[in-house]
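A.B. asks: For reference, the chains in residue letters:
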Amino acid sequence: MDDRISKLPEEILGRIISFLPSEDAFATRVLSKRWRPLWHVYPSPNLDFDDQRFLRKGEPYFSFKDMVNVTINERSEHQPIKSFRLRCHESHDSFTGEFSTMLLLMATAERRMEYIDIHMSDNWKLNITCFMFCFSNLVVLKLKFVCLNLFISANLPSLKILHLNSVYFMEHGFILEILNACPILEDLEMKNISNGYWSDEYDEEVKKLNNLIRADVSNVSGYDIDLDVFSSVEFLRIEEMYGVVPVFSKLTHLEIVFGGSIHWCFITSVMKNCPILQVFILEMPLTPNIWTSY
Amino acid sequence: MAEEVSSQMNSLSISETNPSSSATISLVSGDDIVFKVEPTIAKEMETVQSFIDETDGKITTIPLPNISSHDLPYVIEYCEKSIAGKITKEFEAEFVKKLNNEEVKELFLAANYLNIKKLLDFLSQVIADRIANKSVEYVRRYFGIENDFTPEEEAKLREELAWTFTGVDPDDEDEN
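Chains as they are written, first to last, in the numbering used here: chain A, 898 to 1191; chain B, 54 to 229.
With the rest of the complex left out, here is chain A (with noise of 0.2 angstroms):
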């Protein structure tokens, strides 16, 4: 019975190591000589590393490493990576540069790309350039422990969920231009992000977001956007309020941080523009100063 499977064409082989994560894929090289070629032959469309994984099985952190690198510099152009997803629990600087470099070579050869997951680890942010916000086949982006210093430009006709967490941005105005470049977004998170310095070039507000579905900002340095931009939502979770306060006709969750910019008297207004809110919770920080605000 074990032979049969052993045996079976390769190509049947290859779709069953297509669908292992990434590490596992790698693997197979070592398991027998008919085998060893395969990984390559038959390469997954769907990109999926965590260190942990790897460690577990008592392999060297270096060799993670450079699996990752291997991977994606292996593939021809014929083979498309649909989904890339990697997760960084150790730190190690020394690695960064090469894991940019792994990056900006997967962004030139792929421009089919779909969905985009980096996490890193707290102490390690990643410092990658950023060419992925020009992939137009793009639906999916999460970020999150990572430094974005290069900015070219962005063009995200297809994304549909944003997710940023503690993302620095070299300049202020990138994210503002990356959400400019999102028309049918439907899914915005985006939390404590920073960045380095604050330009005047970039004078431009943000779009209103009509497709969006579900916005949580909490935590943005200073990122005045407007109300506006997420009326259309169903769920909103929200920190700061500018502008002012359209009608929110389809939200149903409303959850607000109180503090810094928001005022009693700001929160009764929002109530009274949602027509049929169901849930509505106030987070209260026990920071000290939040009471002198009104």
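Keep in mind the hints are simulated off the structure, nothing from the lab.
Computed list of lysine to any residue pairs in SDA-like fashion (alpha-carbon distance at most 25 angstroms, straight line):
(1) A:K1057 - A:I1081
(2) A:K904 - B:I198
(3) A:K930 - B:P204
(4) B:K142 - A:D1014
(5) B:K96 - B:D84
(6) B:K187 - A:V938
(7) A:K904 - A:R931
(8) A:K904 - B:D174
(9) B:K89 - B:L152
(10) B:K209 - A:R926
(11) B:K150 - B:A137
(12) B:K187 - A:I969
(13) A:K930 - B:R183
(14) A:K904 - B:R183
(15) B:K170 - A:H975
(16) B:K171 - A:E1011
(17) A:K930 - B:G197
(18) A:K904 - B:V149
(19) B:K170 - A:E1011
(20) B:K170 - A:R931
(21) B:K151 - A:R901
(22) A:K930 - B:D182
(23) B:K170 - B:S79
(24) B:K150 - B:G138
(25) A:K930 - B:E205
(26) B:K209 - A:D948
(27) A:K1104 - A:S1128
(28) A:K1057 - B:K142
(29) B:K187 - A:S903
(30) A:K904 - B:E156
(31) B:K142 - A:D1084
(32) B:K209 - A:F959
(33) B:K187 - A:R953
(34) A:K1057 - A:N1092
(35) B:K187 - A:L905
Assemble chain B onto chain A, guided by the hints.
C.D. replies: Just chain B now, with coordinates in the frame of chain A:
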């Protein structure tokens, strides 16, 4: 056994007064158990359907010597759900829960033999899930792979990448 099946086939095609396309299809497992299925089920099984097409629908009893009567019901169940458009994550989770490793592999071979793409993809994922995060030795045992590397070759292969990249010394990065 082969004679039995063929005589059965003859009697069926003779007895058929109205060979309409909606006649049920008999699938005969390797251990000679007959499973009657709707023609729509047969359509899901490319191997079976092409056999029917080649004989212009005259033959409705198909011997499947590679598939046992233990596995065939699973295949039929999956195809029925598939036609009904009821392949959900919940169904798949339940379906796979009933199967041990040997059964998964048998079904995978059956799906491959019958050329049922959806089932093959699903079982590829199931097998991948069962060998993910396992050691090389475990995966070899799982598939019954004979390790044909010499110990030296294998050691080299395991270290190959590290060796290839020794030029990339993190301490030298500032030279770039």
